[in-house]
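**Q** Position 300 of the sequence shown, counting from 1, maps to 300 under full-length UniProt numbering, and the rest follow consecutively.
Please keep in mind that the hints were generated in silico from the structure rather than gathered at the bench.
A portion of the hints provided could be inaccurate.
Once the Cα atoms are required to be at most 20 Å apart in a straight line, the calculated DMTMM-like pairs of lysine to aspartate or glutamate come out as [what the hints assert, rightly or not]:
1. K175 x E129
2. K213 x E129
3. K296 x E202
4. K273 x E202
5. K215 x E88
6. K290 x D271
7. K175 x D214
Label pairs and their calculated CB-CB ranges [to be verified]:
8. T149 x Q192: 36 to 44 Å
9. E280 x K215: 38 to 46 Å
10. Q190 x G82: 21 to 29 Å
11. E26 x K284: 28 to 36 Å
12. K80 x P182: 52 to 60 Å
Beta carbons: idealized from backbone N, C-alpha and C, even for Gly.
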Amino acid sequence: MAEGSAAFDGFLAKYTGDLTSAQFMEVWDHFDKDGNGFIEGKELDDFFRELARQKGGKQPSDQEISDMREAIMLKFDDNKDGRISMNEMSSILPMEESFLLLFRQQVGTSVEFMEIWRKYDADCSGYIESEELRSFLTDLLSKAGKDVTEDKLAEYVETILKMFDSNNDRKLELKEMAQLLPVKENFLTQFQIFEGSRVSREEFDKIFAHYDKDKSGTIEDSELCGLLKDLMEHGEKDQADWLGNDSLGFIKGLLGWLQKLKARLTNKELDAKVLEENKELLLKICDIDKDGRLSKDELAMLLCDAEL
């Protein structure tokens, strides 16, 4: 591990020390030909060579390239699929240019992500537009103690739009912002919510405690949106009949509504307006006392295998 870290640091100091985010993106776009946000295999070797060429001077040897690739994979390829994402690779940038790394330090949960989203989507349009993105970046850099010029800030905004604005409309959708601010892990992946069974009481207690960030005893606002974000993202990956069939332990009339919500959660990609629609539908189904938030008993109707 120490040898890999030394190879990583040595290569960066020698070949990429003056690299800018704009140069990084130019090289990345050249090698990520399908635009899927990853490069892999021999592309990694060619990527490192081109980065070194951007800086000028002596080219790295085959052994240096091999050592760098091994160090990068050891550092970032947790699932051993042999490919590296753009966010992960951005760590090779000098500290003043690696502003992308700041984003990965901002959110640990989807609740925190939704708090940020709702703060900076000031006009509730369902998008983070360029000026809102600029405001977000200004606050983020200030919080990190980084003083940047207006020109550099404008460059950062353009770099982010180039990296994450997949449809080139100069604004970030919810799913695009989720790529910029990746959550460490979808909390629901540890439970079998989408694998044909509903959760046990013990599992449900863990889920409720996780999303009840302020410990108020209810899930509301950004907490509820964070839960729905995780359900929607997890549901896209596994569209099993997670609500079950005859085991529902509550009024038959709710079954149709719950099945409708299930279909929306598993068949709709992450989108701000769809998320809000799902939130309204969930409250319509489960918010028995109509206070705009969900108690434990109310959320249990959606997730738990029996009435609490």
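**Q** Is the Cα-Cα distance between K273 and E202 20 Å or less?
**A** Answer violated: K273 to E202 is near 32 Å, above 20 Å.
**Q** Is K290 within 20 Å of D271, Cα to Cα?
**A** 25 Å, violated
**Q** So the hint says 21 to 29 Å: do the beta-carbon atoms of Q190 and G82 match that?
**A** Roughly 25 Å apart at Cβ, these two residues keep to the hinted range, so it holds.
**Q** Checking one constraint from the list: CA of K175 to CA of E129, max 20 Å. Satisfied?
**A** 14 Å, holds
**Q** 36 to 44 Å was suggested as the range; check whether the CB atoms of T149 and Q192 agree with it.
**A** This hint is violated: roughly 51 Å between Cβ atoms.
**Q** Using the C-beta atoms of K80 and P182, is the stated range 52 to 60 Å upheld?
**A** The hint (52 to 60 Å, Cβ to Cβ) is violated, given that K80 and P182 are roughly 19 Å apart.
**Q** Given the hint of 38 to 46 Å, is the C-beta distance from E280 to K215 inside that range or not?
**A** Since the Cβ atoms of E280 and K215 sit about 25 Å apart, the hinted range of 38 to 46 Å is violated.
**Q** Could you grab the alpha-carbon distance between K296 and E202 and see if it respects the 20 Å cut-off?
**A** 13 Å, holds
**Q** Would the hint linking K215 and E88 be met if the CA-CA limit is 20 Å?
**A** 33 Å, violated
**Q** Assess, step by step, whether the Cα of K175 is no farther than 20 Å from the Cα of D214, and give holds or violated.
**A** Measuring from Cα to Cα gives roughly 25 Å; hence the hint is violated.
**Q** Given the hint of 28 to 36 Å, is the C-beta distance from E26 to K284 inside that range or not?
**A** 49 Å, violated
**Q** Can the restraint linking K213 and E129 be considered satisfied, given a maximum Cα separation of 20 Å?
**A** Not satisfied, since the Cα-Cα distance of roughly 28 Å exceeds 20 Å.
Violation of the numbered hints given earlier is confined to hints 2, 4, 5, 6, 7, 8, 9, 11 and 12; the remaining hints are satisfied by the structure.
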